[in-house]
Amino acid sequence: MTPIRLNPSSGTPLYLQLLEHLKHSIETGAIRAGEQLPSVRKMAEDLVINPNTVVRAYRDLERDGIVVLKHGSGVFVRGSVVPRTDLMKKAEPILRSAVDRLESLDLTEEEIRRLMENELALRRTAKQTRKRRA
Amino acid sequence: MREHEPLESASEIAVAVNHLSRSFGSRKALNDVSFTVPRGRVFGLVGENGAGKSTLIKHLLGLWRAETGTVRVFGLDPVAAPTTVLGRIGYLSEQPDLPGWMRVDELLQYLQAFYPRWDMDYAEALREQFGLDPAARIKTLSKGQQAKLGLLAAQAHRPELLLLDEPSSGLDPIVRRDILEAIIRTVTDEGHTVIFSSHLLDEIERVSDHLAMLHEGTLRLCAPLDEVKMRHRRLSLRFERPRTEPPRVRGAIAVSGAGRAWTVIGDAASIDRPAIARDGGSVLDDSPASLDEIFVAHTEASPATAGSHLRAVN
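Respectively, the protein sequence lines represent chains A and B. In short: position in the first sequence from 1, add 341, done, that's my numbering. In short: position in the second sequence from 1, add 16, done, that's my numbering.
For the record, the hints were derived by calculation from the structure and aren't laboratory data. Fair warning: there could be bad hints in the mix.
[What the hints assert, rightly or not] Covered stretches of chain B, as calculated for chain A (at least 3 residues, CB under 8 Å):
1. 186-199
2. 208-221
3. 232-246
[As the list claims (entries may be wrong)] Some chain B residues close to chain A (C-beta under 10 Å, calculated; not the full set):
4. Asn-34
5. Leu-114
6. Asp-205
7. Ser-224
8. Asp-225
9. Pro-304
10. Leu-307
11. Asp-308
All residues carry an ideal CB built from backbone N, CA and C; glycine is no exception.
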């Protein structure tokens with residue numbers, strides 16, 4: 342795991358800083374699926390932070406389905422969590438074939454970019470409307 | 017925010033202070049202070065010099081009797097039951113009061129006789145970790161080494177309550193880290209409780225889960241640290257026209273700035289944003305306030321030191 346740097350004097354609560362760091366490490370594959378996170382005690386002592394801060398970060402990871410707490414044995418990164426870098430690799434061929442087909446319609450690069458951005462913007466609006474209703 | 021109560025068994029209370037007041041002559045050192053500290057917490061106490069932090073800690077130690085109000089440590093009155101209470105407390109002050117003529121190993125022997133629960137193996141482990149020579153005379157130790165020895169003396173009987181009064185004042189970062197590590201070890205080890213005062217807010221922030229802020233003898237804030245941080249925002253405002261008077265913002269604790277640019281530190285829930293806009297102001301930035309900003313805001317918001325506008329907006 343990369344060394345964790347927390348900045349106590351920033352406005353962001355320490356547990357959120359720790360949470361973001363762990364999420365990022367898991368998403369980029371720096372911490373692998375199935376790997377065990379350090380115990381609350383070890384993490385607190387290593388980082389010299391309050392153990393409750395670690396507990397909160399671990400709980401949020403559990404709530405988000407990123408880790409599982411196994412009683413008596415520790416906190417483990419879920420097997421089903423796919424590192425973001427792996428996902429990006431999967432996405433590449435999908436995008437390639439889509440762009441190939443768009444190009445076959447004689448669309449220019451600029452038009453394809455605009456179509457892509459348009460589509461993303463529409464989806465974003467739809468998502469926000471759903472959220473507001475919920 | 018309130019649902020998390022980890023590492024804490026039931027609702028056991030380590031310290032309960034109720035309506036405690038104390039005067040020195042005409043000056044109120046403590047003014048109607050009430051709070052409780054659940055077991056297993058790290059309770060950070062902040063305030064300027066003379067805010068009443070040491071006075072409060074001396075009441076917890078039973079060195080001073082409550083003038084009005086009550087002080088209970090583990091449910092006991094520390095003045096009425098000093099040996100029972102002090103046997104369960106570890107205390108370190110800014111100036112550890114160590115007998116200079118003793119050798120380090122002699123002090124450990126002496127303390128062992130003093131505390132029934134003294135753990136010599138632990139004391140030896142700490143001595144080694146802190147790099148203290150057992151044969152050294154205490155008066156020949158550096159300030160940092162004396163602080164470490166003071167910390168060892170406060171810790172090696174595995175106190176249920178560790179009380180640290182400005183422990184890291186004037187110490188180098190390495191000793192400060194030893195002190196912070198001792199705090200963390202105390203709570204992780206056996207779920208013991210720590211109360212410590214400091215003017216170094218990043219230390220408080222790093223290890224505390226509960227924050228209390230004293231100002232001129234009055235408890236200004238006392239809440240879980242995360243809650244304190246979530247509750248305060250910093251707004252950077254820009255006004256169409258330069259102002260000679262600070263803007264009046266509902267929910268503001270402190271307002272500073274000049275001309276077109278003003279900064280407001282305020283209560284997240286009650287800052288009146290539409291009113292700012294009606295006043296010709298736009299919010300350039302709205303972010304969580306740092307503990308430093310929160311502290312300064314509450315200190316300046318005192319009626320004694322702040323401008324009258326601050327009272328008007330509150």
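So, going through the hints one by one against the coordinates:
1. 186-199: holds (count 3)
2. 208-221: Contact hint for the stretch 208-221 of chain B vs chain A: holds, 4 residues under 8 Å.
3. 232-246: holds (count 4)
4. Asn-34: Status violated, d = 25 Å.
5. Leu-114: With a closest approach of 25 Å, the Leu-114 of chain B hint is violated.
6. Asp-205: Status holds, d = 8 Å.
7. Ser-224: 6 Å, holds
8. Asp-225: 5 Å, holds
9. Pro-304: OK, holds: Pro-304 of chain B within 10 Å of chain A, min 3 Å.
10. Leu-307: This hint holds: Leu-307 of chain B lies near chain A, its Cβ roughly 7 Å from the closest one there, short of 10 Å.
11. Asp-308: 6 Å, holds
The structure fails to meet hints 4 and 5 from the earlier list, while all remaining hints are met.
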